[in-house]
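Novice: Listed below are the residues making up each chain.
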Amino acid sequence: LAKTTQPISMDSYEGQEVNITCSHNNIATNDYITWYQQFPSQGPRFIIQGYKTKVTNEVASLFIPADRKSSTLSLPRVSLSDTAVYYCLVGPRGGTDKLIFGTGTRLQVFP
Amino acid sequence: EAEVAQSPRYKITEKSQAVAFWCDPISGHATLYWYRQILGQGPELLVQFQDESVVDDSQLPKDRFSAERLKGVDSTLKIQPAELGDSAMYLCASSLLLGSFYEQYFGPGTRLTVT
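Line by line, the protein sequences give chains A and B.
Quick note on numbering: the numbering used here labels position 86 of the first sequence as 86, and the sequence is numbered without any gaps.
For the numbering used here, count along the second sequence from 1 and bump the result up by 1000.
Treat the hints as calculated values from the structure; they're not laboratory data.
Check each hint, because a few of them may be wrong.
Claimed, not checked - Under the rule of at most 35 Å between Cα atoms (straight-line distance), these lysine-lysine pairs were calculated in the DSBU-like manner:
(1) Lys3(A) x Lys1062(B)
(2) Lys1062(B) x Lys54(A)
(3) Lys98(A) x Lys54(A)
Said to hold, decoys possible - Footprint (simulated), chain A over chain B, 3 or more residues, beta carbon under 8 Å:
(4) 1019 to 1025
(5) 1104 to 1115
To be verified - In silico contact screen, one side only, chain B against chain A (beta carbon under 10 Å); selected entries:
(6) Val1004
(7) Gln1037
(8) Gln1048
(9) Asp1056
(10) Gln1059
(11) Phe1065
(12) Ala1088
(13) Met1089
(14) Leu1097
Note that the structure is predicted; figures quoted are calculated from it, not measured.
Beta carbons: idealized from backbone N, C-alpha and C, even for Gly.
Between the sequences and the hints, there should be enough to build the whole structure, so can you do that?
Specialist: Shown next, in the form of structure tokens:
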């Protein structure tokens, strides 16, 4: 199971773009990169998953370089409601690996 | 939009008492997970079910914790006896496919306080 490293915390202001980088140097060939978002007193919410290059949905974009040893979650024009903890997880679909959340990145958005 | 239901949302119990949590996954989701989240940390998997069978309970403290999913639908997690260190958020999640890295849908959790 690839180990991930991400910043403990980040601050931003409303309207700015936020990029959270996750390092996963030991990522395996069949591993996917997955991000969850968790608001206080709620369960985590799946926001995006990717394997290579770029993935975009209505919430975020995920950029993955060719070597796949890192990835960047991009949140466009954040609002106060994006204040949350963001978890980066790496592992294979369909395998027996479990999600190991770590402490995530605590994003604080200020007005 | 379908959601994972959990009850109760909050529970306060005294140490040495028994406590139980209930989870109803999204209809049709065969895979069900129970996680424990201590304040300031990420969720930690306790047990995973596929239908009514346990797939992984390696992190479940079996001397005091038990989990069941008798008909392969809803599930109950029990702690007996509760200890002060069990104070945490207990989260249930479900997914359509077997494999933790397919999208998991989490419920709102049960906040347990042991006094």
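Novice: The structure should be examined with respect to each hint, and the outcome stated for every one.
Specialist: Going down the list of hints, with the structure as the test:
About 27 Å separates the Cα atoms of Lys3(A) and Lys1062(B), which keeps this hinted pair within 35 Å; it holds. Among the hinted pairs, Lys1062(B) with Lys54(A) is inconsistent with the structure: their alpha-carbon atoms are about 43 Å apart, more than 35 Å. Using a Cα cut-off of 35 Å, the hinted pair Lys98(A) and Lys54(A) holds, with the two alpha carbons roughly 24 Å apart. Counting residues of the region 1019 to 1025 of chain B whose C-beta lies closer than 8 Å to any C-beta of chain A gives 0; at least three are required, and the coverage claim is violated.
A count of 7 residues in the region 1104 to 1115 of chain B with a Cβ less than 8 Å from any Cβ of chain A is obtained; the coverage claim is therefore met, three being the minimum. Satisfaction of the interface hint for Val1004(B) is found here, the shortest Cβ-Cβ separation to chain A being roughly 8 Å, below the 10 Å cut-off. Hint status for Gln1037(B) relative to chain A: holds, with the closest Cβ pair at about 8 Å, below 10 Å. Residue-level restraint check for Gln1048(B) holds (minimum Cβ-Cβ distance to chain A is 7 Å; threshold 10 Å).
The criterion of a C-beta within 10 Å of any C-beta in chain A is met by Asp1056(B), whose closest approach is roughly 7 Å, and the hint holds. Below 10 Å, beta-carbon pairs count as interface contacts, and Gln1059(B) has one with chain A at about 8 Å; its hint therefore holds. With 10 Å as the threshold, the beta carbon of Phe1065(B) stays out of range of chain A, its nearest partner Cβ sitting at about 17 Å, so the hint is violated. For Ala1088(B), the suggested interface contact is broken, since its CB lies about 13 Å from the closest CB of chain A, more than 10 Å.
Interface restraint check for Met1089(B): the shortest CB-CB distance to chain A comes to about 8 Å, inside 10 Å, so the restraint holds. At about 7 Å, the closest approach between the beta carbon of Leu1097(B) and any beta carbon in chain A falls short of 10 Å, and the interface hint on this residue holds.
Hint violations for this structure: numbers 2, 4, 11 and 12, all remaining hints satisfied.
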